[in-house]
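Sequences listed follow chains A and B, in order.
Counting in the working numbering, the first sequence runs from 2 upward without gaps.
Counting in the working numbering, the second sequence runs from 4 upward without gaps.
Since the hints were derived computationally from the structure, they do not count as laboratory data.
What you are looking at is a predicted structure, and each value in this text was computed from that prediction instead of being measured.
Every clue listed holds true.
Okay, derived cross-link-like pairs now, SDA-like style, lysine to any residue, Cα gap no bigger than 25 angstroms in a straight line: (1) 203/B x 137/A; (2) 203/B x 163/A; (3) 203/B x 47/A.
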Amino acid sequence: MAEVKLTGIHKAFGDVRVIHGVDCEIADGEFVVILGPSGCGKSTLLRIVAGLEAATAGEVHIGGRCVNDVEPKDRNIAMVFQNYALYPHMNVYDNMSYGLRIRGLPTQDIEARVKKVAGILELDELLVRRPRELSGGQRQRVAMGRAIVREPQVFLFDEPLSNLDAKLRVQMRGELQALHRRLGTTSLFVTHDQVEAMTLAQRMIVMNAGRAEQIGAPLEVYARPATTFVAGFIGSPPMNLIPRDGKLLGIRPEHLEPCAASDAMLTIDVDLIEPLGADIIVYGHEGKPGGDGSSARIAARLPADAQAHAGKLPVRYAPANVHWYDPQSGKRINA
Amino acid sequence: MAAVPAALEKSGQPGGPALSAAGLRARTDWLPHVVIWAGILFTAFPLYLIFVASTLTPMEIAQAPMPLVPGSELVANYSQALFTGSTGRYLSPPVTQMLVNSLIMALVITFGKILVSVISAYAVVFFQFPLRMFFFWMIFITLMLPVEVRILPTYKVVSDLGMLNTYAGLTIPLIASATATLLFRQLFLTIPDELVEAAKIDGAGPMRFFRDVVLPLSRTNIAALFVILFIFGWNQYLWPLLMTTSQSMDTIVIGIKKMIGTGDALTDWHIVMATTMLAMLPPVVVVVLMQRAFVRGLVEPEK
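With the hints as constraints, model all of the structure from the sequences given.
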């Protein structure tokens, strides 16, 4: 097991610069999720750690050793790919043991390791099957098994759950968590799904356009987004950002509370209502006196028993829940 | 055949008798069968004639309507062809020797082509090297130059190298293959990048990846190519004709050509026909034995 340290990672493909200097440290045994929209450079960053891409500038350290010039196979990592990348002509046993066989481990050791991991992942019955005879979830498990048998210092996951259906994804999320508790291996997990990030991460790196916008524990990132990008990316619906006196006022939809018109700190001109069962989400423009309809769009999360209807909805909020941002830089202002 | 369009026309007329879908199907069902059987008979009849002729005496073949039922000379004709050869105007070597020559040529061409093309396609698809696309296009362009076009320069080269009348001279110029290289390139392009990367992380080097992943994934394609290329090699005519002068190097296709006399020379037609039957046998055996793999390779690449 090992810590991973990235310093000043830059990456350009020809003239196209995709990563503009990322620094971060991942502690030994930590589960870190890299979260960001597609095209933000998160997968490229993971591939740089794996050694499948070379960084244009910057250093990657794994276990205290600079691995910039080390081949992927010698970095002591294992990677799980989005499409699993199982060898189609090998059965599950051969898929899992291939890396070990190349490393020249004795056959009995290989068998013992594969059997053990197959037991953990409940793959015992499937060892003689080919990948195409497996379901999506089983292939996913085999891909993880292949990573685990190598007993690497670091696991790298490249959106491994995004090809699964919603129900299976939730189940695999749980299994991944349990697995990490059991093995305690340092893990880097790339995803664009904020729920995966919030539930799996001990810490997360929110990336946007090749930069790490914020690094922190999920709840901390949720509670205090460092930039308007993070505020607008995390949370569903995301934080409302309302222009006020040359600044941006940020307030989460769940922190808006319906009130009497006389107490209103904001009025929403509701035009869309989404009852979700557990609660109701209403959307509308900020209803200012003489508003021209171009004012900020606001979402509010109301309790399920609220009487939601189109039209004016006066709401209030606690000052403690307010965030302020600079509209130019997008950075957080208050302490 | 004309009945079907007429029926369709009739059903289109207002007030005409309606033609049900089932009726249409019943009327047209026999049509494909007739066409197929006509095709089969058309192809098979000459083959049957060859077989019949190979069992007759020369006198019987020379009769005005040649008999259409097999004669009595089957064993005699075939054993003469196999072990003695034609004894007419042209004294041919025994057919067994020509069969061996043909087999060597066809197999060397087949394995050579597969080996060269699978390796060159691997290089073009999986490696980054200077002028990669240049080399690819060079290979591609040779497709436009069939053997016949480059046959004189090739002959000059082979003769300068002293390879006339050798197996090397017979096979090497036919081994380079743009078609097979392209076929493997297209197959390799369907291998996902992630598989290459997974192998890299597993620690498989280029040779290992080739042996453990690329070759097994190409198995069915190799089988299909084997059939096609074996027949291609077996049926070579122009190149062996030019480049072999010694009888001991005659392939069976060339042997048949030489047995047929020109002008007023006598031809041992019964031996020629027996040799022809023998010449057709190995390709048929290859196709029959590899039929399943062949069809699978054409329709269902393993992915």
